[in-house]
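Student: Could you put together the complete structure from these sequences and hints?
From first to last, the protein sequence lines are chains A and B.
Counting from 0, one number per residue, gives the positions in the first sequence under numbering that gives the first Met the number 0.
Counting from 0, one number per residue, gives the positions in the second sequence under numbering that gives the first Met the number 0.
Among the hints, a few may not be true.
List of simulated lysine to aspartate or glutamate pairs, EDC-like, C-alpha gap at most 16 Å [stated by the list, open to error]:
id: 1; chain 1: A; residue 1: Lys192; chain 2: A; residue 2: Glu114
id: 2; chain 1: A; residue 1: Lys109; chain 2: B; residue 2: Glu40
id: 3; chain 1: B; residue 1: Lys176; chain 2: B; residue 2: Glu249
id: 4; chain 1: B; residue 1: Lys109; chain 2: A; residue 2: Glu40
id: 5; chain 1: A; residue 1: Lys263; chain 2: B; residue 2: Glu360
id: 6; chain 1: B; residue 1: Lys109; chain 2: A; residue 2: Glu123
id: 7; chain 1: B; residue 1: Lys344; chain 2: A; residue 2: Glu40
id: 8; chain 1: B; residue 1: Lys344; chain 2: A; residue 2: Glu32
id: 9; chain 1: A; residue 1: Lys109; chain 2: B; residue 2: Glu123
id: 10; chain 1: B; residue 1: Lys263; chain 2: A; residue 2: Glu364
id: 11; chain 1: B; residue 1: Lys263; chain 2: A; residue 2: Glu360
Simulated from the structure, these hints should not be mistaken for laboratory data.
Note that the coordinates shown come from a computational prediction; the quantities given were computed from them, not determined experimentally.
Number of protein chains: 2
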Amino acid sequence: MGMLTSISGYPEWLPGDRFVEQYFVNLIQKKFELFGFTPVETRAIEPLSTLASKGEVDKEIFTLRRYQATSQDELGDVGLHFDLTVPFARYTMENKSQLVFPFRRYQIQKVWRGERPGLGRYREFLQADIDIVDQNSLTISYDLEVIQTINEIMYSLPIPNTKIFVNNRKLLEGAYKSFGIAKIHETLRIIDKLAKIGERQVYQMLLNNLGFSPNTASRCIELGRVVTQNPLALEVAIKSLGCKNELIDEGLSELTYIMTACNKQDKNSVYVDLSIARGLDYYTGTVCEAKFVDFPKYPTIAAGGRYDNLLSDGSYQMPGVGISLGITRMLGLVLHENILRPSRKTPTCVLIALVSDDEREKSLEIANQLRTRGIPCETFPRAVKYGKQIKYAEKLGIPYVWFPSEDSQHTDEIRDIRNRTQVIANVEKWYPPTEDLSIQVVTNHEALEKIRTKSAYR
Amino acid sequence: MGMLTSISGYPEWLPGDRFVEQYFVNLIQKKFELFGFTPVETRAIEPLSTLASKGEVDKEIFTLRRYQATSQDELGDVGLHFDLTVPFARYTMENKSQLVFPFRRYQIQKVWRGERPGLGRYREFLQADIDIVDQNSLTISYDLEVIQTINEIMYSLPIPNTKIFVNNRKLLEGAYKSFGIAKIHETLRIIDKLAKIGERQVYQMLLNNLGFSPNTASRCIELGRVVTQNPLALEVAIKSLGCKNELIDEGLSELTYIMTACNKQDKNSVYVDLSIARGLDYYTGTVCEAKFVDFPKYPTIAAGGRYDNLLSDGSYQMPGVGISLGITRMLGLVLHENILRPSRKTPTCVLIALVSDDEREKSLEIANQLRTRGIPCETFPRAVKYGKQIKYAEKLGIPYVWFPSEDSQHTDEIRDIRNRTQVIANVEKWYPPTEDLSIQVVTNHEALEKIRTKSAYR
Numbered sequence: 000m001g002m003l004t005s006i007s008g009y010p011e012w013l014p015g016d017r018f019v020e021q022y023f024v025n026l027i028q029k030k031f032e033l034f035g036f037t038p039v040e041t042r043a044i045e046p047l048s049t050l051a052s053k054g055e056v057d058k059e060i061f062t063l064r065r066y067q068a069t070s071q072d073e074l075g076d077v078g079l080h081f082d083l084t085v086p087f088a089r090y091t092m093e094n095k096s097q098l099v100f101p102f103r104r105y106q107i108q109k110v111w112r113g114e115r116p117g118l119g120r121y122r123e124f125l126q127a128d129i130d131i132v133d134q135n136s137l138t139i140s141y142d143l144e145v146i147q148t149i150n151e152i153m154y155s156l157p158i159p160n161t162k163i164f165v166n167n168r169k170l171l172e173g174a175y176k177s178f179g180i181a182k183i184h185e186t187l188r189i190i191d192k193l194a195k196i197g198e199r200q201v202y203q204m205l206l207n208n209l210g211f212s213p214n215t216a217s218r219c220i221e222l223g224r225v226v227t228q229n230p231l232a233l234e235v236a237i238k239s240l241g242c243k244n245e246l247i248d249e250g251l252s253e254l255t256y257i258m259t260a261c262n263k264q265d266k267n268s269v270y271v272d273l274s275i276a277r278g279l280d281y282y283t284g285t286v287c288e289a290k291f292v293d294f295p296k297y298p299t300i301a302a303g304g305r306y307d308n309l310l311s312d313g314s315y316q317m318p319g320v321g322i323s324l325g326i327t328r329m330l331g332l333v334l335h336e337n338i339l340r341p342s343r344k345t346p347t348c349v350l351i352a353l354v355s356d357d358e359r360e361k362s363l364e365i366a367n368q369l370r371t372r373g374i375p376c377e378t379f380p381r382a383v384k385y386g387k388q389i390k391y392a393e394k395l396g397i398p399y400v401w402f403p404s405e406d407s408q409h410t411d412e413i414r415d416i417r418n419r420t421q422v423i424a425n426v427e428k429w430y431p432p433t434e435d436l437s438i439q440v441v442t443n444h445e446a447l448e449k450i451r452t453k454s455a456y457r
Numbered sequence: 000m001g002m003l004t005s006i007s008g009y010p011e012w013l014p015g016d017r018f019v020e021q022y023f024v025n026l027i028q029k030k031f032e033l034f035g036f037t038p039v040e041t042r043a044i045e046p047l048s049t050l051a052s053k054g055e056v057d058k059e060i061f062t063l064r065r066y067q068a069t070s071q072d073e074l075g076d077v078g079l080h081f082d083l084t085v086p087f088a089r090y091t092m093e094n095k096s097q098l099v100f101p102f103r104r105y106q107i108q109k110v111w112r113g114e115r116p117g118l119g120r121y122r123e124f125l126q127a128d129i130d131i132v133d134q135n136s137l138t139i140s141y142d143l144e145v146i147q148t149i150n151e152i153m154y155s156l157p158i159p160n161t162k163i164f165v166n167n168r169k170l171l172e173g174a175y176k177s178f179g180i181a182k183i184h185e186t187l188r189i190i191d192k193l194a195k196i197g198e199r200q201v202y203q204m205l206l207n208n209l210g211f212s213p214n215t216a217s218r219c220i221e222l223g224r225v226v227t228q229n230p231l232a233l234e235v236a237i238k239s240l241g242c243k244n245e246l247i248d249e250g251l252s253e254l255t256y257i258m259t260a261c262n263k264q265d266k267n268s269v270y271v272d273l274s275i276a277r278g279l280d281y282y283t284g285t286v287c288e289a290k291f292v293d294f295p296k297y298p299t300i301a302a303g304g305r306y307d308n309l310l311s312d313g314s315y316q317m318p319g320v321g322i323s324l325g326i327t328r329m330l331g332l333v334l335h336e337n338i339l340r341p342s343r344k345t346p347t348c349v350l351i352a353l354v355s356d357d358e359r360e361k362s363l364e365i366a367n368q369l370r371t372r373g374i375p376c377e378t379f380p381r382a383v384k385y386g387k388q389i390k391y392a393e394k395l396g397i398p399y400v401w402f403p404s405e406d407s408q409h410t411d412e413i414r415d416i417r418n419r420t421q422v423i424a425n426v427e428k429w430y431p432p433t434e435d436l437s438i439q440v441v442t443n444h445e446a447l448e449k450i451r452t453k454s455a456y457r
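Tutor: Below is the structure:
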């Protein structure tokens with residue numbers, strides 16, 4: 000279906016499908032606001048000093064230059080943002096005197112990454128982020144709240160089966176330390192590849208890239224196998240790996256808090272998964288990922304976590320927690336699998352036919368009158384046969400065609416092109432059924448059910 | 000007010016003000032759809048070959064590079080789009096086999112220009128575009144329709160007095176040719192500066208840069224002085240300049256058609272103004288600009304025109320017409336002049352107070368129940384004195400604070416912090432008045448009236 004990528008990695012949608020994207024954005028926005036997040040936008044560019052040294056993504060940054068640069072008017076070293084967390088942190092630090100804390104914001108914007116394009120991986124894509132930051136300390140219940148917000152959205156969208164997998168960096172770091180590992184970030188970045196490249200390759204990378212012993216590498220892999228919704232099972236699994244320290248205890252207690260609260264909500268969609276590591280260096284506690292479980296090869300559609308030190312200027316710090324939702328990524332699958340489709344390819348509800356070139360003004364006037372009453376419409380440009388004009392409406396799925404009277408003896412008529420009925424119509428009174436007034440997004444329940452039935456994961 | 004520009008030319012808004020921007024976007028979007036325009040988005044980048052050689056803006060293009068470029072994975076020569084017309088033209092040509100013509104689309108996206116930042120001039124800004132393209136030929140009534148769409152929006156937004164000034168490139172080109180001028184594009188680019196730098200400087204530029212005789216330069220300037228709503232006056236003015244050819248007649252007839260139709264709409268806001276030239280080379284007929292007439296120094300807030308040859312690949316061509324609305328530019332003035340303000344700084348309608356650390360779960364549960372019924376809320380993170388918790392709500396303008404019962408003997412209460420009344424509340428039944436449910440945009444009619452009274456233009 001609708002995805003076009005005339006430059007690899009830069010998706011564009013056909014008319015109609017863009018409407019499905021807007022439907023996603025509106026629904027997500029509404030849910031964010033329900034949870035008390037306030038909208039913010041940041042500029043697309045950031046100084047390279049802000050963007051770089053954040054981990055895995057460094058090599059994916061796009062930098063900017065002026066095409067015809069003049070010496071007196073040169074940009075500094077700037078690049079396009081690769082996520083919305085780093086710009087949000089900068090914005091919050093910069094404006095902290097004018098903000099109120101805890102600061103809850105949402106942000107829905109394009110981001111750019113020089114990734115290798117592939118299944119669900121783009122170089123320009125739309126992200127929807129929520130974050131909460133507070134001064135000095137941040138309650139763990141906010142970690143829970145951001146997860147619940149995303150969970151709520153997943154349940155409201157007509158998308159395939161989604162689950163959220165949660166882990167905790169303190170637990171991982173504690174465990175790695177107890178295994179005698181010093182290169183924590185490097186280990187996390189490799190472990191983060193588990194879902195993508197599998198245990199065998201991760202094991203080899205731990206050996207080859209970081210010089211781990213087979214035993215240490217094995218223990219890292221084994222830790223990553225723990226997936227559970229049971230707090231007790233989690234504790235037992237950790238103990239059986241024989242590692243114990245304060246960091247592990249802290250991580251375990253935070254994870255248990257989140258798991259217990261999510262279990263109560265009875266949505267059966269949040270799991271603890273100790274293979275979740277995330278590639279960005281700034282996470283310090285909770286980390287999580289949401290996935291389409293029926294499409295195990297499809298990349299993560301939401302991810303985030305707790306960052307205690309990203310917003311800090313030495314004198315004091317503002318811990319934060321947030322999750323980023325990949326709208327383009329979700330949409331890519333939903334449109335490809337034909338799960339959602341727009342009811343028509345244009346907002347136009349009524350096409351005003353053109354009787355003759357001399358009657359153009361009459362058509363324009365009818366359009367204006369209908370618009371005054373909130374009915375989206377447009378005028379046909381050429382006085383060709385009505386059959387051709389109707390054809391145009393059919394191609395776009397415009398439900399009604401208005402035929403202006405040809406002379407004072409006749410009256411205006413309107414045709415429902417779906418059932419080919421035509422009736423007399425009064426421009427001051429005619430009104431479409433509500434479901435025809437604006438373009439609708441229709442869920443293809445059959446396609447959705449097929450995915451669910453097929454999936455080996457159910 | 001709210002505009003922050005920590006990098007010159009890249010505006011950001013404070014929470015609350017971003018809501019005013021969304022209000023603008025939503026209203027504009029709704030009007031576009033009423034006129035039957037379908038939403039499209041294009042990627043932010045275009046090949047330099049698509050972007051360059053479009054006129055004045057060439058020197059303002061930003062190009063992209065990878066921060067850590069590797070030879071096998073290099074971007075071609077690409078830059079950020081500086082408007083939405085050029086990407087739209089590219090998109091339409093690329094997908095023409097899947098589109099239906101006439102193709103009416105709207106597009107609301109950020110664009111980037113390396114302009115010198117100043118009053119109403121940014122390097123990153125939000126544009127809202129409408130365009131209609133058709134195959135082979137395009138009716139002049141669409142030129143009218145795009146102007147009427149923008150006019151309708153201007154009348155619907157609580158913004159200062161706006162007028163639309165229309166001209167026609169055929170008329171200008173015809174006149175210049177009859178003056179013996181060969182460098183048409185160069186002349187247009189200089190004439191385009193009339194409003195910005197004044198007649199005297201434009202006259203000098205015509206002499207110095209293009210080598211015009213004083214007589215030729217004078218006639219160009221004089222032509223630019225014609226501003227009228229009267230078709231007859233326009234004809235007389237053209238005749239009195241002693242120039243006549245087919246191109247002039249064509250331009251005159253198109254202008255007259257638009258003026259006559261706009262006059263009938265009785266909004267007194269569309270004028271013919273022969274000083275309007277536009278800096279982009281691709282316009283071929285109608286050109287127009289919308290301005291805040293009470294702020295003569297403020298740059299154009301909407302502009303566009305007819306382009307007959309932009310979408311062409313030799314074999315055939317698709318003429319188009321469109322207008323671009325500068326949302327950031329409008330908003331810059333509206334917020335600066337304090338004309339619009341958000342009713343509060345957060346979508347949150349109810350803050351759930353925290354009784355004690357042990358009662359955190361109760362607060363979260365209340366929040367969840369209210370959200371289920373569509374009431375935006377958030378929980379306070381710290382069990383500090385209620386006075387401090389209320390203070391937080393006050394700072395953000397959150398109208399209600401919910402106090403969970405402290406024990407089973409008591410009931411929940413809700414406080415309206417504006418009138419300090421506190422009543423018993425049931426979490427399953429309480430509902431706010433509609434005007435409190437979501438954040439509202441409030442028009443400061445006093446500020447608006449003051450501008451109107453002050454203005455020398457009324």
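Student: Run every hint past the structure and note whether it holds.
Tutor: Hints and how they fare:
This hinted pair checks out: Lys192/A and Glu114/A have alpha carbons roughly 15 Å apart, not beyond 16 Å. Taking the CA atoms of Lys109/A and Glu40/B, the gap is about 11 Å. The hint holds against a cut of 16 Å. Of the pairs offered as hints, the one joining Lys176/B and Glu249/B holds, with about 14 Å between alpha carbons and a cut-off of 16 Å not exceeded. Among the hinted pairs, Lys109/B with Glu40/A is consistent with the structure: their alpha-carbon atoms are about 11 Å apart, no more than 16 Å.
Using a Cα cut-off of 16 Å, the hinted pair Lys263/A and Glu360/B holds, with the two alpha carbons roughly 11 Å apart. Between Lys109/B and Glu123/A the alpha-carbon distance is near 14 Å, which keeps this suggested pair within the 16 Å criterion. Restraint check: the Cα-Cα separation between Lys344/B and Glu40/A comes to about 14 Å, which is no more than 16 Å; the hinted pair holds. Restraint check for Lys344/B and Glu32/A: the C-alpha separation of about 12 Å stays at or below 16 Å, so the hint holds.
Simply put, Lys109/A and Glu123/B have alpha-carbon atoms about 14 Å apart, close enough for the 16 Å limit, and the pair holds. A distance of roughly 11 Å separates the Cα atoms of Lys263/B and Glu364/A; the hinted pair therefore holds under the 16 Å criterion. A C-alpha spacing of about 11 Å is found between Lys263/B and Glu360/A, which places the hinted pair at or below 16 Å, so the restraint holds.
Of the hints listed earlier, there is not a single one the structure fails to meet.
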